[in-house]
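Start from the sequences, fold in the hints, and give me the full structure.
Taken in order, these protein sequences are the chains called B and L. The first sequence begins at 3 in this note's numbering and counts up by one. The second sequence begins at 2 in this note's numbering and counts up by one.
Hints were generated in silico from the structure; no laboratory data involved. Honestly, I wouldn't trust all of these hints.
Keeping only pairs whose Cα atoms sit at most 27 Å apart, straight-line, the calculated DSSO-like set for lysine-lysine is [unchecked claim]: (1) B:K80 / L:K479; (2) L:K145 / L:K411; (3) B:K28 / L:K411; (4) B:K80 / L:K280; (5) L:K477 / B:K72; (6) L:K280 / L:K477; (7) L:K7 / L:K477; (8) B:K47 / L:K332; (9) B:K42 / L:K411; (10) L:K332 / B:K94; (11) B:K24 / L:K332; (12) L:K280 / L:K473; (13) L:K473 / B:K80.
Here are the computed distance ranges between Cβ atoms for each label pair [what the hints assert, rightly or not]: (14) L:D369 / B:K94: 30 to 40 Å; (15) L:R321 / B:Y89: 35 to 45 Å; (16) L:E47 / B:K24: 31 to 41 Å.
According to the in silico footprint, chain B covers these stretches of chain L (three or more CB under 8 Å from chain B) [stated by the list, open to error]: (17) 231-244; (18) 339-347.
Since we're looking at a predicted model, the values are computed, not measured. Note that the Cβ used here is the ideal one computed from N, Cα and C, for glycine as well.
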Amino acid sequence: MSIDLKTIKHISKLSRISVDEKRAEKLAGDLNSIFDFIEKLNELKTDNVEPLTSIAETTLKLRSDKVKSKNIREQIIKNSPQDNQDYFVVPKVIE
Amino acid sequence: MSDITKQSLTELADNIKDKKLSSTDVTKAFIDRSEKSKELNAYITEDFTSALDKAKKFDQKPNLDLKLPGIPMAVKDLFCTKDVKTTAGSKILNNFIPTYESTVTENIWKEGAILLGKLNCDEFAMGSSNETSFFGNVQNPIDKDLVPGGSSGGSASAVAGQLTPITIGTDTGGSIRQPASFTGTVGLKPTYGSCSRYGIVAFASSLDQAGPMAQNVKDCALLQEVISTYDPKDSTSIDFKRNQYSKELTNNIKGKKIGIPKEYRVDEMPKEIEDLWQKGIEYVKDCGAETIDISLPHTSYALPTYYIVAPAEASSNLARYDGVKYGFRAKGENLIDMYEKTRSEGFGAEVQRRIMIGTYVLSSGYYDAYYLKAQKVRKLIKNDFDEAYKKVDAILTPSTPSSAFKIGEKTNDPVSMYLNDIFTVPVNLAGLPGISIPAGHDSKGYPLGLQIIGKAFDEQNILNIAFAMEEKINFKNKITEWWIK
Chain B
3 MSIDLKTIKH
13 ISKLSRISVD
23 EKRAEKLAGD
33 LNSIFDFIEK
43 LNELKTDNVE
53 PLTSIAETTL
63 KLRSDKVKSK
73 NIREQIIKNS
83 PQDNQDYFVV
93 PKVIE
Chain L
2 MSDITKQSLT
12 ELADNIKDKK
22 LSSTDVTKAF
32 IDRSEKSKEL
42 NAYITEDFTS
52 ALDKAKKFDQ
62 KPNLDLKLPG
72 IPMAVKDLFC
82 TKDVKTTAGS
92 KILNNFIPTY
102 ESTVTENIWK
112 EGAILLGKLN
122 CDEFAMGSSN
132 ETSFFGNVQN
142 PIDKDLVPGG
152 SSGGSASAVA
162 GQLTPITIGT
172 DTGGSIRQPA
182 SFTGTVGLKP
192 TYGSCSRYGI
202 VAFASSLDQA
212 GPMAQNVKDC
222 ALLQEVISTY
232 DPKDSTSIDF
242 KRNQYSKELT
252 NNIKGKKIGI
262 PKEYRVDEMP
272 KEIEDLWQKG
282 IEYVKDCGAE
292 TIDISLPHTS
302 YALPTYYIVA
312 PAEASSNLAR
322 YDGVKYGFRA
332 KGENLIDMYE
342 KTRSEGFGAE
352 VQRRIMIGTY
362 VLSSGYYDAY
372 YLKAQKVRKL
382 IKNDFDEAYK
392 KVDAILTPST
402 PSSAFKIGEK
412 TNDPVSMYLN
422 DIFTVPVNLA
432 GLPGISIPAG
442 HDSKGYPLGL
452 QIIGKAFDEQ
462 NILNIAFAME
472 EKINFKNKIT
482 EWWIK
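Spelled out as structure tokens, the structure:
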């Protein structure tokens, strides 16, 4: 298979990582060599194999829906990108 | 005592318990050694002043019943530490100060240990040489300009260079065992679900595990005993009966059946590694164990599988770094532009590459061909181990296909870098425990490791085998302290 510049641009858009022409060419080269290596999996017939979805075959435990962390508002606000004691101020994310 | 930093964790803990040393003595010694070892670049964040305060406080009212009484310890900078900067080796988290503690580090402090600082690692633990860190290369104490391995490279360098008596790393595809092998130290990757992932910066959630890195097997067992707890805060943490690994440690492995998988005899494996493996087989036989030839037929498919599964999970986990809620934010003309510039400027090249691989294999039209296929092959790899463990108690392999390489030697060839993890990756894919112990030197005097892989939750057994082998091997690291100023 071959990953061309158009595909790189597409993946870059999906990944929300801007990539200029020069980087795109380097990435195409890298990704092609990595995917050449990955293609080895096609040697295997896996039609009747169940995919592994969980490494530990246990059922998830349920917990009661109770609040455990109390009064940690200050802690949460601490990593807010703008200093504001009352709110978590972020850029407008709906356009 | 001038040779404090040469002592093992077990010796230091005993000396503090017997009041031959105070926590302040020990903490001062490791701070002093760390100060003289800047050239290794093992630390990202030093927390020395606070460590000394804590040591003095400990000495005023020492609780000597604890397992790590007043022991100073630096940890990989992938563990969230409350009020201490946690970067994951990335520019994007360069200003991140967690307001909570990871369960694993919490367990360590509860047993009396004291945080010395945060250790360098590959960015988001993605790398095998510590060269992808935003904070620069780490030097291997074994030789100048030699990589310490990765991603827990700072951790391995700090233990081998005696900047910390012991440490913890994380292992997604070999990130504890490979650097342990490159630095002549012991590193254990526990069974998936043994150590809580709560508060560890996520890379690939179905593969990530925390584990101890130490100077010897006994220290490793002691720290594993401390960090492995069931934690409701991690939904994949498993509630099983955990051993008192250090107390139950024994060198009696008579009658144990050890599998030798023929598929690990890979093409172009250096003769030195082949010979080391053969010596390992003789050692376990000397200990009264029996070796049995086994087959793990899908071994060669493990790396290609890993390079689909791990980037896929990473691309999803790292979607949270968008510059909005926390971490680095670039200026953009509009929202999308801000996202794209933040991630382009905030992530390094390897992380971007893996996010893009992951995004591609999960994208519409490619999911079945890549991701689903990889999950099926992962099942086959796990089945190989299940089959093998019907016949054997553990498996012995080399830890890595070579000794440590030079800084810069593999940075331009991602696939050759990935091949470093050829013997460690299958263990993560199958969720099993594996330990690397130093077993010899190559012709350059660089350390080489052997890996013992166990059944799920059977850490005690591989620790015992490692303990018995360690005694026979009697490994001595060749360190000249070239970096000490």
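Against the structure shown, which of the earlier numbered hints fail to hold, in ascending order?
-> Violated hints (numbers, rising): 1, 4, 5, 8, 13, 15; every other hint is consistent with the structure.
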